[in-house]
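Chemist: Here are the chains, one letter per residue:
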Amino acid sequence: MNYHSKKLLKLHLAPWRMATVGGLIMAGLAVVGGRAFYLQSLHTDYLQGKGNAVANRNMTLPAHRGMVSDRNGEPLAISTPVESLWARTAETRFSEAELTRLADILGMAPDKLKLRLQTRKKGELSVQRPLTPDQAARVAAMGVPGLSLRREYRRYYPAADVAAHVVGFTNVDDLGQEGVERAYQDWLAGKSGERHVLRDRRGNMIRDLEPVKIAQMGGNLALSLDMRIQYLAHRELAAAVTANQAKGGGIVVIDAKTGEILALSNLPVFNPNNRRNYDPQRVRNRAVIDTFEPGSTMKPFTAAAVLERGLFTPQSVINTSDGLIVGNKRIRDEHPHPSLTVTEVIQKSSNIGAVKMAMTLTPEQFCDTLHRAGFGQKPGSGFPGEASGHVRNAKTLKPVEQATMAYGHGISVSLLQLARAYMAFANDGEVVPLSFLRREPQEVIGERVFSPQVARSVRSMMETVTHEGGTAVRAQVPGYRVAGKTGTAHKLIDGQYSADRYIASFVGMAPASDPRFIVAVMIDEPMAGAYFGGSVAGPVFAQVMAGALRSFGLPPDAPLEPARITQPTLPNPIQTHKAEATKNGRPA
Amino acid sequence: MSRVSMALALILIACALSLINAQHHARKNFVELEHLKKEARTLDEEWGQLRLEQSTWAGSARIETMARTQLGLITPSLDRIRMEGASPP
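Order-wise, the sequence lines are chains A and B.
Residues in the first sequence are numbered from 1 upward in steps of one, following my numbering.
Residues in the second sequence are numbered from 1001 upward in steps of one, following my numbering.
Check each hint, because a few of them may be wrong.
Distance windows between CB atoms, simulated [claimed, not checked]:
hint, chain 1, residue 1, chain 2, residue 2, range
1, A, THR132, B, GLU1064, 24 to 32 angstroms
2, A, GLU447, B, ALA1067, 26 to 34 angstroms
3, B, ARG1041, A, ARG138, 22 to 30 angstroms
4, A, TRP16, B, MET1001, 25 to 33 angstroms
5, A, GLN442, B, GLU1053, 34 to 42 angstroms
6, A, GLY28, B, MET1001, 53 to 61 angstroms
7, B, ALA1026, A, GLY51, 17 to 25 angstroms
8, B, THR1042, A, THR132, 16 to 24 angstroms
9, A, ASN58, B, HIS1025, 22 to 30 angstroms
10, B, GLN1070, A, LEU492, 33 to 41 angstroms
Since the hints were derived computationally from the structure, they do not count as laboratory data.
Backbone N, C-alpha and C fix where the C-beta goes; we use that ideal spot for every residue, glycine too.
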């Protein structure tokens, strides 16, 4: 049908109207289409990014540093999350009252806090780290814009200064700086992971978008230390250093059977939880890092060297009456004796006797024995920076040097090294590698240093040291047989032996019938009058050894002495106990 | 023919619905898992803090000070301690 032909329906439109309306509609369509095209294909990255930003999240999975504990699981270093306060200085708006309140919470002076926040640096600024949980809650409650709390891991050392030198510490970035924290950094450090997740409207995670990179938590570490013995050692050492007005001191306790270091302590010491007054001198683990001239604690090695070559027997008599001159040096004894057996040379610590024994050896033979015992070599504990000490070269050894080395001068050792070398006497001639980590018994493979006969006979010589007439009667431990050797060395200051500054030491082992522990004690510059190893270091040894034997429950190997405590008026539980014990046929 | 198509269509719808259901459950479980993991982490951290607290309270130094000052205890000297044939641990 042709509408145009019907007059009534004929529409009179101006052609321009058609063009305008049609054009507008087309333009509208074009705009919409163009916009759609723009959004869909040109602007797509941005928009998808926006969408992802709302729904997708990249998360870092925090990994914390492993825990360090002692051999019984007692914690020595733990990482725990703490809140720290950060501020975006450009966004913080404070009223005067809020500032005062915040300063009050943080325990800062308001002026100081204001100054701190006024620095017009871009980005974020750490206001205080760390906060206590209580402070964190109060700051969060204030809700000041621009202030944020951030969760960080901080390391705490519950044993504080008691085990500070062994455990060491980490810096702000959680990197081990000293001690075990540094030696086992790779094991202790965690590796943070990452995951990419999709979240819903409420912020719940609903799906992993990529395979999760799992965070590797830092490994835990069980040290060989026994905190009971460590505390005892630390306490007794501190008491002795104070009582003797000494400059410092060190103590090492080793399990002779396994080579594990059960306790190691030095003075002066530091608190790893509070390093505001950081002093590198206090942080030094002197027992491992520093060396000293050991003095007479070297004599058992001289004796072992001549015994193993059959040059002397423990009963051989040495003439010690005449003053001995080697090179241009006169060897003297503090308490002269006309003649002594080899055993008595050790017991009474005769320099002349030791020198006379050493001079029967060639320099090579003497140095060989010392090297075998581990002197001049790193003790191999794995502790960072351990000292190897110094033994003179056998080829250039002068007679006078050989003579002084026989009684422990002109040779330098670390306390740990000395304790390790004594393991040869304790363990029937075998030295077990040292360890700061707890060891399973089957791992231990020893290294033979002396024959069992030599080790045993030197050990029984050293037992006489703590008997009546020996240099270390005060190192006795009631109930146990103790073997050991005292050392009193003049300190070398600026290349000269000081006349009144000494290093007093004692190294010993117990129970002497089958030694389990070796305790080495060194007191640096005792100034309160007494300076002999036996009277300064001996009592520390006795206390620590007694405690160690007790806490490991080792059976006494000495014949029981009559009870010293007598209270006639009261029934004495100790005596009744003893009566029962003898009745039961126990060794009396 | 049309009956078969109808049946297939119904099965298809059922499958689609169960897929949606499964997805929903998976998400719900995932949310719960995340929640529990977070709780485990929190508890782990709390455990660490409690251990720290415990070892601080039970520190040998603190106990010794308290024993000496509050209870008036002393360490016996060595000659007042006797070991009676103890058995090894």
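Chemist: For every hint, state whether the structure bears it out.
Modeler: Outcome of the hint check:
The beta-carbon spacing between THR132/A and GLU1064/B, approximately 27 angstroms, falls within the hinted interval of 24 to 32 angstroms. Between GLU447/A and ALA1067/B the Cβ separation comes to about 43 angstroms, which falls outside the hinted range of 26 to 34 angstroms. In this structure, ARG1041/B and ARG138/A meet the distance hint of 22 to 30 angstroms, their C-beta atoms being roughly 24 angstroms apart. Between TRP16/A and MET1001/B the CB atoms are about 58 angstroms apart, so this pair departs from the stated range of 25 to 33 angstroms.
The hinted window of 34 to 42 angstroms between GLN442/A and GLU1053/B holds, with their beta carbons roughly 36 angstroms apart. Separation of GLY28/A from MET1001/B is about 46 angstroms and departs from the stated range, judged on CB atoms against 53 to 61 angstroms. Distance hint for ALA1026/B and GLY51/A: a CB-CB separation of about 22 angstroms, consistent with the stated range 17 to 25 angstroms. In this structure the supplied range 16 to 24 angstroms holds for THR1042/B paired with THR132/A, their Cβ-Cβ distance being about 18 angstroms.
Distance hint check: the CB atoms of ASN58/A and HIS1025/B are about 26 angstroms apart, consistent with the given range 22 to 30 angstroms. Between GLN1070/B and LEU492/A, the C-beta spacing of about 47 angstroms breaks the proposed range 33 to 41 angstroms.
Hints 2, 4, 6, 10, counting from the list given before, are not met by this structure.
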